[in-house]
Amino acid sequence: MGRWTELALKLAAAKRLGGGAEADAVMRELAPLANQTARRVHAAYASLRKQRAADFLAIAPALIWKKIERFEDWYLRELSEADRARAAKEYFAAWCYVELRYRYFDAAREQSEEHRLLSLAPDRPIADPRSQRDDDDEEFELPPEELQRVREWDPLDGVVLFCLTGLWDRLPPGLWSSWLERLGIEEPFPPEEYLRAASTRKRAVLAASLNVSRDVIYQRWRRLKARFNQQIPSDGVLQ
Amino acid sequence: MSERTNDAVAPDLGARDLRAWGLGAWDGFPHPDPVMRHVPVSVQLPPPLWRRVLHHLSVQDAAWGAWLGECTVATLRDALERGLAHDAPRGDSPLSIPATVLEAIRATVRASFWQPLAIWFGKGDSKSDGYYRLILTNGAIAVLRPAPADPTRLVLEDLFFTQKQTTETAVESRRRQAVSQTMDRYATFDPTRGEFKPHTTRRSPHLRSIRFVEPRIWTDLPASASPAPCPTPSELAEQVGFDRLFDSGSESARPPLSSNVATLAAQELQNQLKRWTRVTTNLSVSLDDATDAYRDELCLSLLENRMSAWARFLAIDEAFATELDSDDMNPNLASEIDAVMAAMESFDEALQAAEVFWSPVASRTELLKNCEAKLAGPHRLSLPWWMHSTPSGARLRTAHYRLG
Chain S
1 MGRWTELALK LAAAKRLGGG AEADAVMREL APLANQTARR VHAAYASLRK QRAADFLAIA
61 PALIWKKIER FEDWYLRELS EADRARAAKE YFAAWCYVEL RYRYFDAARE QSEEHRLLSL
121 APDRPIADPR SQRDDDDEEF ELPPEELQRV REWDPLDGVV LFCLTGLWDR LPPGLWSSWL
181 ERLGIEEPFP PEEYLRAAST RKRAVLAASL NVSRDVIYQR WRRLKARFNQ QIPSDGVLQ
Chain U
1 MSERTNDAVA PDLGARDLRA WGLGAWDGFP HPDPVMRHVP VSVQLPPPLW RRVLHHLSVQ
61 DAAWGAWLGE CTVATLRDAL ERGLAHDAPR GDSPLSIPAT VLEAIRATVR ASFWQPLAIW
121 FGKGDSKSDG YYRLILTNGA IAVLRPAPAD PTRLVLEDLF FTQKQTTETA VESRRRQAVS
181 QTMDRYATFD PTRGEFKPHT TRRSPHLRSI RFVEPRIWTD LPASASPAPC PTPSELAEQV
241 GFDRLFDSGS ESARPPLSSN VATLAAQELQ NQLKRWTRVT TNLSVSLDDA TDAYRDELCL
301 SLLENRMSAW ARFLAIDEAF ATELDSDDMN PNLASEIDAV MAAMESFDEA LQAAEVFWSP
361 VASRTELLKN CEAKLAGPHR LSLPWWMHST PSGARLRTAH YRLG
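Order-wise, the sequence lines are chains S and U. For what it's worth, my numbering labels the leading residue of the first sequence as 1, then goes sequentially. For what it's worth, my numbering labels the leading residue of the second sequence as 1, then goes sequentially.
By construction, these hints were calculated from the structure, which means they are not laboratory data. Predicted model only: the values in this text are computed from it and were never measured. Please note that the accuracy of each hint is not assured.
No more than 27 Å apart at the CA atoms, straight line, and that leaves these computed lysine-lysine pairs for DSS-like [what the hints assert, rightly or not]:
1. U:Lys374 with S:Lys50
2. U:Lys369 with U:Lys164
3. S:Lys50 with U:Lys369
4. U:Lys274 with S:Lys50
5. S:Lys15 with S:Lys89
6. S:Lys10 with S:Lys89
Simulated coverage check for chain S against chain U, where a stretch passes if three residues somewhere in it have a Cβ under 8 Å from a Cβ of chain U [what the hints assert, rightly or not]:
7. 32-40
8. 94-106
For glycine and all other residues, C-beta sits at the position ideal for the given N, C-alpha and C.
For reference, chain S alone in the conformation it holds in the complex:
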């Protein structure tokens, strides 16, 4: 039996008995293999970006700990006595790779979901001038279901969000004007003063322009942020 396989079976047995110091000690021995395997999976598929990849590598030992009994079940169920007796064969290393690969794919799927809503992100205020020309070519794409949702928003919510994200001129024609009209605000909006304001002063200037208190802006922004971050769980899309 290979060394890692032996440790894994020992860990599964200890976990069944309630964990404790022995399980911790075995887990400490197995953790480097879990880490290395997670890095191999990441290098082989490279789907995750930096922060998500770091998160995945950090939790790899925990993912293995969570599923270790399944390895034991598989080992006892699928392998014959002769297979188990093969001295050099590292069944656990191969199982660990497959298990972590599935978890890696899960993380990659979550990341893809995040991309779906990326178009609502506040990238315009500090967009790179080198790629400015590409801005003109790109459509601001809201999926149909998102678009319908945005149309039904409270106008003040819409104005606050799209001003602070710098995307007001990317809304479908007429929607921005209709929001402003319903709020009794004259175009062009946002005013020049807002456009020139430093990022730290934007909310205050917006509050003054909309004739509401800064607290209203703060509360609405916080609520909108929470609403989007429910769908964009990490990476802090809205700051």
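Chain U: place on chain S using the hints.
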């Protein structure tokens, strides 16, 4: 129609004129675009071309040496350094390139206008009327932009070798690489037929042009006179890795690397990854003053390097996985693979930080789409991060990096 070279124009033009015109023009060339062959063209050689050539000579000296000869390259570099020096007295020290050097360049360009290995017409970033990317008979890339409203004048904007070619010494290798890279980047791969789609016709205000001179692309390459040299461990790893990425499970796929070859390939890959990381970190500086075609080259070569690293890692990792089951595991391979993964993480970090620069280029070319179309097996299930890149997403992420 007569052809003018430096020698021919020198008696007629003063130093100031030579500065203004670079080194004059080459008249009476056939148009490189086959559908425009009835129009003889004049190739203009403007001063910025020589500044760019001077830059390329410094980073691609081996490829230029193989083309013109090392002594000639040294002479050219010396002439350009003197002629383009900021403190050169205006009018007293014209850009003077020895006639033999100019003639060597002219002869290759002229022959290539008749029989280019490949030609592609692109729009680039600048939204002008577009430019021709012409692969010369020696594998170098010539960038030619039609003069506004005058299809009989082509301005030679740039002349360079691709990043990958600069490590090749054999001309034939450079030729093949230039053609296959151009196809991968600009032609569209058809996964159902397993080949690139036939060329398409594009039109611009002043030119009828085609994307590719497709029948010539392959037939102009002569059959190899000598047997292919034995591949290096890196080349072998790349071949095996791309087999796994593009041809998963087929019988023709190459066998896994041996432990020793994988160890050597891992060592070579680490060194290359460190170099690529440095190049990527300096990308924004390199892009300054680059032509559209050279911007493509700088950006797309990063992605090609990333995919090469990906393929090679797969081959090395496959050997490592086999080693895990052996009684006497090669300890060097275990430590090398850790070092490779660390180097790949650094490269990825640099590549993600530079995404705002390369993503717009990648999005208007075919490289990533073609690679995705070729992927097989589990790698189709979860694409690598750079294949998801979009310019708007890149700007968002850059904003977040800057905000901390």
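Cross-check of the supplied hints:
no.: 1; hint: U:Lys374 with S:Lys50; verdict: holds, 25 Å
no.: 2; hint: U:Lys369 with U:Lys164; verdict: holds, 20 Å
no.: 3; hint: S:Lys50 with U:Lys369; verdict: holds, 23 Å
no.: 4; hint: U:Lys274 with S:Lys50; verdict: holds, 18 Å
no.: 5; hint: S:Lys15 with S:Lys89; verdict: holds, 24 Å
no.: 6; hint: S:Lys10 with S:Lys89; verdict: holds, 17 Å
no.: 7; hint: 32-40; verdict: holds (count 3)
no.: 8; hint: 94-106; verdict: holds (count 5)
Taken one by one, the earlier hints all hold for this structure without exception.
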